[in-house]
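Whenever a hint applies, use it, and build me the whole structure from the sequences.
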Amino acid sequence: MPLMREETFGPVAPIMRVKDIDEAIALANDSEYGLGANILTNKLEYAMKAAERIKAGTFWINDPLTDNDAGPFGGMRMSGGGRELGLEGLEEFRETKHVHLDYQLEMKPYWYPYNWSKGRKTD
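Plus 51 on top of the position in the sequence shown (first one is 1) and you've got our numbering.
FYI, nobody ran anything at the bench for these hints, they're computed from the structure. Treat the hints with caution; some may be incorrect.
[As the list claims (entries may be wrong)] Here are the simulated lysine-lysine pairs, BS3-like style, with alpha carbons at most 27 angstroms apart:
| id | residue 1 | residue 2 |
| --- | --- | --- |
| 1 | 94 | 70 |
| 2 | 106 | 70 |
| 3 | 106 | 94 |
| 4 | 70 | 100 |
Okay, here's the thing in structure tokens:
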């Protein structure tokens, strides 16, 4: 069914009957998109299993309309390009650099054949 596999912007609430939670998860992941997903269930075990295995940037359990502005927003796979909002959104603007400082300035055996104090090659 195209509605279940394409990136559809709402308001749309497609509902499908499935035989078990594993089929529901397989159907939810049978798309190249993953902006958001929702489950309506009274079984916490199913909700947690689906939240862990469904590839979507936001996952709602029993409430598809409430959002948390402090949380990250963005999709997975072909939906969205990274995250915005929350700590994850800030991380998108950061580039990590490793800096190592050896302030003791002691000669190391692996520096040979250079002499630190004379600034030249040692023979």
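Here is how each hint holds up against the structure:
Between the alpha carbons of residue 94 and residue 70 the distance comes to roughly 15 angstroms, so the proposed pair stays at or under 27 angstroms and holds. Between residue 106 and residue 70 the alpha-carbon distance is near 20 angstroms, which keeps this suggested pair within the 27 angstroms criterion. As the CA atoms of residue 106 and residue 94 are separated by approximately 20 angstroms, the hinted pair is consistent with the 27 angstroms bound. Note on residue 70 and residue 100: the hinted pairing holds, with a Cα-Cα distance of about 16 angstroms set against a maximum of 27 angstroms.
In the structure shown, no violation is registered for any of the earlier numbered hints.
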